[in-house]
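Enquirer: With chain A held as given, fit chain B onto it using these hints.
Going down the list, the protein sequences come from chains A and B.
So the first sequence is numbered by my numbering: it starts at 1 and just counts up by one.
So the second sequence is numbered by my numbering: it starts at 1 and just counts up by one.
Hints listed in this document are in silico derivations from the structure and should not be mistaken for laboratory results.
If you're wondering where the values come from, they're calculated on a predicted model, not measured in any experiment.
Ideal Cβ positions, reconstructed from N, Cα and C, are used throughout, including at glycine.
Take the hints with a grain of salt, since some may be wrong.
As the list claims (entries may be wrong) - Derived contacts from chain B toward chain A, CB cut-off under 7 angstroms, selection only:
no.: 1; residue: Ile2
no.: 2; residue: Thr4
no.: 3; residue: Leu32
no.: 4; residue: Ser37
no.: 5; residue: Phe50
no.: 6; residue: Gln56
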Amino acid sequence: MFKGGFISNLPKIYGLYTGGFIVFILLMAILESAGVSAANIGIMFVAFTVLIYALIGYLSRTVQVDAYYVAGRQVPTVFNGMATAADWMSGASFVAMAGGIYFGGYTYMAFLVGWTGGYVLVSTLLAPYLRKFGCYTVPDFIGTRYGGNLPRFCATLVLVLASFTYVTAQINATGTIASRALQIPFELGVWVGLISILMCSMLGGMRAVTWTQVAQYIVLIIAYLIPVFWMGSKLGNPFPHFMLGDEVQRLADLEAQYGLTKNTGAAIKQAGVPGGLKYISNPHSAVPAGCYTILNNEKLELKAQLFSDDGKKVFNVVKLGKASDPKLLGKLAGEEILKKSLNNFSKKR
Amino acid sequence: MIVTLAIWFFFSIVIFMFGSSVNQGSFLGYPLAYYMSAQGSLAAFVILIFWFANKQEKIDDEHGYGGEKEDD
Numbered sequence: 001m002f003k004g005g006f007i008s009n010l011p012k013i014y015g016l017y018t019g020g021f022i023v024f025i026l027l028m029a030i031l032e033s034a035g036v037s038a039a040n041i042g043i044m045f046v047a048f049t050v051l052i053y054a055l056i057g058y059l060s061r062t063v064q065v066d067a068y069y070v071a072g073r074q075v076p077t078v079f080n081g082m083a084t085a086a087d088w089m090s091g092a093s094f095v096a097m098a099g100g101i102y103f104g105g106y107t108y109m110a111f112l113v114g115w116t117g118g119y120v121l122v123s124t125l126l127a128p129y130l131r132k133f134g135c136y137t138v139p140d141f142i143g144t145r146y147g148g149n150l151p152r153f154c155a156t157l158v159l160v161l162a163s164f165t166y167v168t169a170q171i172n173a174t175g176t177i178a179s180r181a182l183q184i185p186f187e188l189g190v191w192v193g194l195i196s197i198l199m200c201s202m203l204g205g206m207r208a209v210t211w212t213q214v215a216q217y218i219v220l221i222i223a224y225l226i227p228v229f230w231m232g233s234k235l236g237n238p239f240p241h242f243m244l245g246d247e248v249q250r251l252a253d254l255e256a257q258y259g260l261t262k263n264t265g266a267a268i269k270q271a272g273v274p275g276g277l278k279y280i281s282n283p284h285s286a287v288p289a290g291c292y293t294i295l296n297n298e299k300l301e302l303k304a305q306l307f308s309d310d311g312k313k314v315f316n317v318v319k320l321g322k323a324s325d326p327k328l329l330g331k332l333a334g335e336e337i338l339k340k341s342l343n344n345f346s347k348k349r
Numbered sequence: 001m002i003v004t005l006a007i008w009f010f011f012s013i014v015i016f017m018f019g020s021s022v023n024q025g026s027f028l029g030y031p032l033a034y035y036m037s038a039q040g041s042l043a044a045f046v047i048l049i050f051w052f053a054n055k056q057e058k059i060d061d062e063h064g065y066g067g068e069k070e071d072d
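Next comes chain A alone, as it looks inside the complex (with noise of 0.2 angstroms):
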């Protein structure tokens, strides 16, 4: 069946997994109108992945530096860029999104732009560096245009300083799914989901994490776009991306009359975000960001605004001071805000 090396029949082995991952979810599917409990389906899915995982982390074993940091350099491109894609769709991607969304409201989802940006950025102002230099890391590359041991080792410290923010989340992402999947306390679920990490990536470096990764696309292109197709069809119309546009507007009015809109375009304003770049830069730290604009070199305008519920806006407070003395007008806006907000509340009571 398999004739010839490895890569050329990537897409044979692949289809096979594919279809072999689809049997297995109509075995669950089966299994579960037999009335086998959630628990024990999700303990088998939780095995049935990483056991595949580490399956590939075995056979991709390896002692060859070249095999251990690019995978041989002998990764076709679609099958690197499925791994890559990977990457992108990480636990922090939809564990952190749903949440962040959930608890800061849609400004999170500046993390879509930053984290895709990202790879705009690593593509064209490292990839071809490296390429260039044949080196295998960050840390290498740096370490070889610079020279000498300290820029590398300065390369590596803020690699790993970065790395472990994104992994703090990444293990957080992990733990939690183990232990939801697998019913254990949340400490254990850490543990397990690190030790599958590192069956996986331990013995074959790259080369096992490249070929665990396009396993991964494939269950996670499934796990994502199956459900939303589904609900879609469900609804009348399957391709919810692009007919769903007037449900934002609903959205958000049922969120105002809940009261549930968070970062208001209208608070963002108040911030001074939108074309004020300037506020960020604010050296008063006593006045609000974008309350004050600078008149002259002595006068100092404040203005605040308040908003009521529904964002329509309630007064403006407008100070005239010297700019010499921000703190004390900065605590003058305030109280007056303080006081007029307070009036406010007690007329409508």
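Expert: Frame of chain A, contents of chain B only:
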């Protein structure tokens, strides 16, 4: 490279700096800035990466850094 970075800057920062005014417009019924952060900018980034990678591949080949090509 400068072009790539400029496009990146435009889609990641400039649009959202004027988010509330961009939101006045709409695309497929979505508020425009909302659409851009959910799908638009990401699509732009993906296209950008494809374009850049192709271009870089050509440059690398020209200067002999392209790595060996498979002949199949």
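Enquirer: Any hints this thing doesn't respect? Which numbers, in order?
Expert: 1, 3, 5
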